Amino acid sequence: MRKINHFILFAGLCLFSLVTMAQDVNYEKQILFNLPTKNVEGICSNKDDIYIRTVDSLYVISKNGKIKDKKPTTNKYLVFEGAKSYSLEKNIITDGDNKIIIDLTENIEKGEKVTKYLAKAGDSFYTCVLDTPNMSYSSNIAKVIYGNEISMFCYIVGIPAGLYCDGDFLWYLYNKSAKNKNGMLRIYDLKSGNLISEDEIPVINPVGIYVKDNQLFTYSNFSGEFVQLTKGGK
Amino acid sequence: MKRIIFFIICIFFLKLNAKAVDYAILVSAGNATTDDVFSNSEYWYDLFLAYEDLVLNEGYDPANVFVFYGNGTSFNSTRARYQLALHGWGNIVDFDNAYNTLNTQFANIGAIVTNNDNLHIRWVVGHGWGNSATTVTTPSTAGTGRDPINVDDYWVLLQNRNLCVRETEIIRIVNQIPNYKRRKIVWMTCHSGCLTGGTNNMNNDRSVIITASRWNQVSSAYNLPGETIHAQLNYIVTSALFGEDPLGTAFNSDNNGDNVINMWELWNEADINAIMTSDPQLGNNGNLANRIYIDEHLVIENTNINNDIQYLVDDYEFLNSSLQNGSDVEVDIDNGFEINGTFNAPVGTTLNIHP
Numbered sequence: 001m002r003k004i005n006h007f008i009l010f011a012g013l014c015l016f017s018l019v020t021m022a023q024d025v026n027y028e029k030q031i032l033f034n035l036p037t038k039n040v041e042g043i044c045s046n047k048d049d050i051y052i053r054t055v056d057s058l059y060v061i062s063k064n065g066k067i068k069d070k071k072p073t074t075n076k077y078l079v080f081e082g083a084k085s086y087s088l089e090k091n092i093i094t095d096g097d098n099k100i101i102i103d104l105t106e107n108i109e110k111g112e113k114v115t116k117y118l119a120k121a122g123d124s125f126y127t128c129v130l131d132t133p134n135m136s137y138s139s140n141i142a143k144v145i146y147g148n149e150i151s152m153f154c155y156i157v158g159i160p161a162g163l164y165c166d167g168d169f170l171w172y173l174y175n176k177s178a179k180n181k182n183g184m185l186r187i188y189d190l191k192s193g194n195l196i197s198e199d200e201i202p203v204i205n206p207v208g209i210y211v212k213d214n215q216l217f218t219y220s221n222f223s224g225e226f227v228q229l230t231k232g233g234k
Numbered sequence: 001m002k003r004i005i006f007f008i009i010c011i012f013f014l015k016l017n018a019k020a021v022d023y024a025i026l027v028s029a030g031n032a033t034t035d036d037v038f039s040n041s042e043y044w045y046d047l048f049l050a051y052e053d054l055v056l057n058e059g060y061d062p063a064n065v066f067v068f069y070g071n072g073t074s075f076n077s078t079r080a081r082y083q084l085a086l087h088g089w090g091n092i093v094d095f096d097n098a099y100n101t102l103n104t105q106f107a108n109i110g111a112i113v114t115n116n117d118n119l120h121i122r123w124v125v126g127h128g129w130g131n132s133a134t135t136v137t138t139p140s141t142a143g144t145g146r147d148p149i150n151v152d153d154y155w156v157l158l159q160n161r162n163l164c165v166r167e168t169e170i171i172r173i174v175n176q177i178p179n180y181k182r183r184k185i186v187w188m189t190c191h192s193g194c195l196t197g198g199t200n201n202m203n204n205d206r207s208v209i210i211t212a213s214r215w216n217q218v219s220s221a222y223n224l225p226g227e228t229i230h231a232q233l234n235y236i237v238t239s240a241l242f243g244e245d246p247l248g249t250a251f252n253s254d255n256n257g258d259n260v261i262n263m264w265e266l267w268n269e270a271d272i273n274a275i276m277t278s279d280p281q282l283g284n285n286g287n288l289a290n291r292i293y294i295d296e297h298l299v300i301e302n303t304n305i306n307n308d309i310q311y312l313v314d315d316y317e318f319l320n321s322s323l324q325n326g327s328d329v330e331v332d333i334d335n336g337f338e339i340n341g342t343f344n345a346p347v348g349t350t351l352n353i354h355p
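Quick mapping for you: the protein sequence lines, in order, are chains A and B.
With the numbering used here, you'll find the first sequence wraps up at 234, consecutive numbering, no jumps.
With the numbering used here, you'll find the second sequence wraps up at 355, consecutive numbering, no jumps.
Worth flagging that the hints you see were computed from the coordinates, not collected in a lab.
Among the clues, some could well be false.
Across the chosen pairs, the derived CB separations fall in these ranges [unchecked claim]:
1) Ala178(A) to Asp279(B): 28 to 38 angstroms
2) Ala83(A) to Arg172(B): 47 to 57 angstroms
3) Asn255(B) to Gln215(A): 57 to 67 angstroms
4) Asp279(B) to Asp123(A): 37 to 47 angstroms
Computed footprint of chain B on chain A, listed as stretches where at least three residues anywhere in the stretch have a Cβ under 8 angstroms from a Cβ of chain B [claimed, not checked]:
5) 56-62
6) 169-177
7) 187-201
8) 216-223
Bear in mind the structure is a predicted one, so any value in this text is a computation, not a measurement.
We put the CB at the ideal spot given by N, CA and C, even for glycine.
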């Protein structure tokens, strides 16, 4: 009888783990440095430099946390690919020479939509297409290919906070509707669009994400901390 | 004496046909994985509220309410308002929301619903889009969705399955329940107005459908202050039916002063409510929406009717109520009519009861 009870308990736990997608995964959190701002809009990295953009400034920071540069900037989302850089501003993607690569204005602004965050893999960019000011169920992560071909990758969940792509997977960072809660992180398979995992991360109001050497990096607009997360830590 | 005043206790009791069964189908086209997350948690919250209203308020037998949700198991919400324990319920979910499950179970339900029964179908939460660029038949993997190019270019998405189903196919699945006396549909997705017009739609002379938006419109969510996230249409429709919102605040959408909510009033409230950013559509042929109710057993209680109102329901009861001079009330009943407690119908009023 005891064995049967154990089996039922085990089966129940298996079922529970299957139906509860949002896993309680441990992350080792390391605070790398602080910034005197809680208005960060996006982050990215290139080589050993970290780029943190607020509503009006762009910080360039060394990996030891030293501010190398701070300059006024416009509302750009940056992404680097090797030596090349790309930015998204007002629904237009440009390269490092300010040459327009993709202009989404006609596609996006018909419905008073805006694009936020930028990720790149191969010939494709990924960006969040959001209705403003409403929380529309049409808001989505779009895949944009050179030549302005735009298609939906998947629908948005939560309040978008960051995108990162490594060619195989898309990391999507989002926040809950309730204020000052831990962020949530989804990983999608780029080819199938299937959701691979969804985890809560121990960072309140995170914004921006990139992945480097299996480490996640993000910024907390609650604490003003730039943090490194290691999945599977304590 | 200009008025004839009746003080009656159980003066009238009329029984007609064999009692109809009220069936309801709730489909939540996703799976909540966490609380307080837009386009995720509503799959459970709005389903829970819709089920709660049907069972606790509209008189539906839980055995006749078929719930399709996620992987087939109730969500374990951290919010007490959305926990089964709130009402001492077990799992309220009957089936998962897989395409094959929907197809099979709608056919099975179709085998038991008769022309004497009533049917309420609610696509509680889901995504809708167009997919004109492809000729793919159903079902197909999501990933190429665009805005519809016309009113017949509509797909629904089973979000947790990354699977979309074409309008013609979803209508075929629903129409596997061909027999019913009255069919009342509420459908929440972007572009759901596609179901009220064009070549492919859910209109007929026994059906009324309320959708969240026009065919070329998106639908949106509402973050209830002090509470959590809901689809706009669901916040309004369920609150209107239940008489209060999820916080317990009174919510009155009665338009004609009879204290019961017909399908037209339900649509009208959604249409005029300030939180709504889309234009809900009402699809029906003929004057049906303002006569029929999701609750088929109306009790007009402590009410003074001062309007011309028509009712088409199974059971109707006046309880301590009256008609004001000049009002004209037409009641088409399929089962029973009762007057209980006090009843006042002065000369100049009309009360017609049609079995």
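Evaluation of the provided hints:
no.	hint	in the structure
1	Ala178(A) to Asp279(B): 28 to 38 angstroms	holds, 29 angstroms
2	Ala83(A) to Arg172(B): 47 to 57 angstroms	holds, 55 angstroms
3	Asn255(B) to Gln215(A): 57 to 67 angstroms	holds, 59 angstroms
4	Asp279(B) to Asp123(A): 37 to 47 angstroms	holds, 39 angstroms
5	56-62	violated (count 0)
6	169-177	holds (count 3)
7	187-201	holds (count 6)
8	216-223	violated (count 0)
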